[in-house]
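Protein chains in written order, with our numbering: chain A, 1 to 287; chain B, 1 to 287.
These are computed hints drawn from the structure, not numbers from a lab. Using N, Cα and C, we set each Cβ at its ideal position, and we do this for glycine too. Don't take every hint at face value.
As the list claims (entries may be wrong) - Pairs of lysine-lysine, DSS-like flavour, derived with a Cα cap of 25 Å:
| no. | chain 1 | residue 1 | chain 2 | residue 2 |
| --- | --- | --- | --- | --- |
| 1 | B | K206 | A | K280 |
| 2 | B | K19 | A | K44 |
| 3 | B | K33 | A | K287 |
| 4 | A | K287 | B | K247 |
| 5 | B | K247 | A | K280 |
Said to hold, decoys possible - Okay, the calculated bits of chain B under chain A, using three or more residues with CB under 8 Å as the criterion:
| no. | stretch |
| --- | --- |
| 6 | 89 to 97 |
| 7 | 100 to 110 |
| 8 | 147 to 153 |
| 9 | 197 to 206 |
| 10 | 211 to 224 |
| 11 | 269 to 283 |
To be verified - The calculated label-pair distances, taken between Cβ atoms and stated as ranges, are:
| no. | chain 1 | residue 1 | chain 2 | residue 2 | range |
| --- | --- | --- | --- | --- | --- |
| 12 | A | D260 | B | V165 | 44 to 54 Å |
| 13 | B | E150 | A | E48 | 44 to 54 Å |
| 14 | B | G86 | A | K39 | 27 to 37 Å |
| 15 | B | G86 | A | S21 | 42 to 52 Å |
There are 2 protein chains.
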Amino acid sequence: MSSYPANLIEALRAEPGLKLSERATQNPDWWPKDAPQDKKTAQKRMEEIAQPLSDLQERLFAASVQGQEAPSVLLILQGMDTSGKGGIVRHVLGMLDPQGVEHHAFKAPTAEESAHDFLWRITKHLPGRGKVGVFDRSHYEDVLIARVKELASPEVLDSRYTKIVDFEKQLVEQNIHPIKVMLHISKDEQYERLAERLDRPDKHWKYSPGDIDDRLLWEDYQQAYEIAVNRTDNKTAPWHVVPADQKWRARLCVAELLLDTLQRITVPWPEADFDVAAEKARLEATK
Amino acid sequence: MSSYPANLIEALRAEPGLKLSERATQNPDWWPKDAPQDKKTAQKRMEEIAQPLSDLQERLFAASVQGQEAPSVLLILQGMDTSGKGGIVRHVLGMLDPQGVEHHAFKAPTAEESAHDFLWRITKHLPGRGKVGVFDRSHYEDVLIARVKELASPEVLDSRYTKIVDFEKQLVEQNIHPIKVMLHISKDEQYERLAERLDRPDKHWKYSPGDIDDRLLWEDYQQAYEIAVNRTDNKTAPWHVVPADQKWRARLCVAELLLDTLQRITVPWPEADFDVAAEKARLEATK
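Can you build the whole structure from these sequences, using the hints too?
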């Protein structure tokens, strides 16, 4: 395979002092020349990497079945309404074996969840060993919506960034490897997508009047994202800002991020924990 | 689409007084003439039904998001080691959106699970509303391995069949629709599959010496399956015996069963619970 994924992944990394208004939401000028330039080529590339993705996932799963402390992946998806989190799950995570995927969508906290620290419910849904976990929204909501809607005091909010950094450091120490993704869309693109949801009766269920309430706070959310990314980006648990106005592009980016992580943490097939020759003889005796 | 799926599904149904030794594990003579006759045609049919499967699943999911009491599906997969349960999950459930699938593989009960009634852990893993649940093994292990290995007294075993029938009746009343599948393989085919697992280092993790212990009890297991199917088959929660020596055939059968169930329980797109015109106006105002 060509060398573009490395360039792509580097380009997706949030730079220090990130300004979201300066990050492209479509046709980024830094897009690698040898990467797919359109939907059809991206589709072909996705088909190409389906098999390596699946093989790497099976190795993780195999290691966990044999009781090894197999690494896990945790894909954290954040983004404004309509940014395409669900589509990523369907089209990218859908490439993996469902046995190895653990998906959780975080909603407004329940009464029980609110009665605990904000990381309590997150810990409960961490992926098992050898699994690929996916969070559709996450602990970042507690510094995003919580900041914009003033659901916590400035002091509490402030303390959460540090807690998140520490928490994610512990994840990596536990061999759970986060891939933090912000799906970055423009306000214009959100308009188009919300309009489509309102136009099509089969999309009404995806719409909520609260989406407009949040849209009216667009700038506040962008600022909250900027602060969150800048305060929680680090080498151990880096942020990736994915241009998401074009769905094919966003899906390709996340697929490449997933492939890159799975390649980095890959484990060999587990050694047999039984005597292969002896078992072959036992099997022959049953013929 | 042609009418074969109805014939196929009828043919898969366990007949009263089922004798497993009389059921084909490959090339069944009752296989519908207009159904796919080989792997390639089956593959084409799977591609054909991927979209309807996905659409029907999205409707269920949509209904549950809007807080309706949406129906759920529960695919119960049973079969001897190597019968292909994992392959069904990967290739058939893999056709669905991971957001709508809840998969659970039941292993030997934990100490906590053993301290409860055998249905306790099953209840814990029932699919949420609008979800497609998949059980890789299930409460049936408590009348299969439990019977063969005498893990419970004859009286306790005997009472479990009735409890299972009542439990599954309640599931349907709760709008959870079971699809009970026994993947039926021959002893010869199991030999081939175990031999492959022993031959290939990348398959060793799928092998356990216990597989041969169970293989030595083949006839006992077949009998336990026969009794279980005969005592728990009924119109509300019917059993399907799927010929599983040919993987493409087994996968096609389960895909058709899933499609058939999703079609039977399908729900309309939920009505908007907001004023569409008013929301359109609100959206325009944000442009």
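Original post:
Between B:G86 and A:S21, is the Cβ distance one that fits in 42 to 52 Å?
Top reply: 48 Å, holds
Original post:
CA of B:K206 to CA of A:K280, is that 25 Å or under?
Top reply: Answer holds: B:K206 to A:K280 is near 14 Å, not above 25 Å.
Subject >> Coverage assertion for the stretch 269 to 283 of chain B with respect to chain A, Cβ distance below 8 Å, three residues required >> reply: holds (count 10)
**OP:** Closer than 8 Å, Cβ to Cβ, for at least three residues: run that test on the stretch 100 to 110 of chain B against chain A and report holds or violated.
**Re:** holds (count 3)
Subject >> A:D260 versus B:V165 beta-carbon gap, inside 44 to 54 Å or not >> reply: 50 Å, holds
Original post:
When you check the alpha-carbon spacing of A:K287 and B:K247, does it fall within 25 Å?
Top reply: 22 Å, holds
**OP:** Take the C-alpha atoms of B:K33 and A:K287, compute the straight-line distance between them, and say whether it is at most 25 Å.
**Re:** Distance ~34 Å between B:K33 and A:K287 Cα, so the pair is violated.
Original post:
For the stretch 89 to 97 of chain B, does the count of residues with a C-beta closer than 8 Å to a C-beta of chain A reach 3?
Top reply: holds (count 6)
**OP:** Please test the hint of 44 to 54 Å on the beta carbon pair from B:E150 and A:E48.
**Re:** Given about 52 Å between the Cβ atoms, the range holds.
Subject >> Within 8 Å of chain A's CB atoms, at least three CB atoms from the stretch 197 to 206 of chain B: coverage verdict >> reply: With 6 residues close enough to chain A, the hint holds.
Original post:
If you look at each residue in the stretch 147 to 153 of chain B, do at least three have a Cβ nearer than 8 Å to any Cβ of chain A?
Top reply: violated (count 0)
**OP:** Measure nothing beyond the straight line between the CA atoms of B:K247 and A:K280; if it is 25 Å or shorter, mark the hint as holding.
**Re:** Given that 25 Å is the threshold and the Cα spacing comes to 24 Å, the pair holds.
In the structure shown, a violation is registered for the earlier hints numbered 2, 3, 8, in ascending order.
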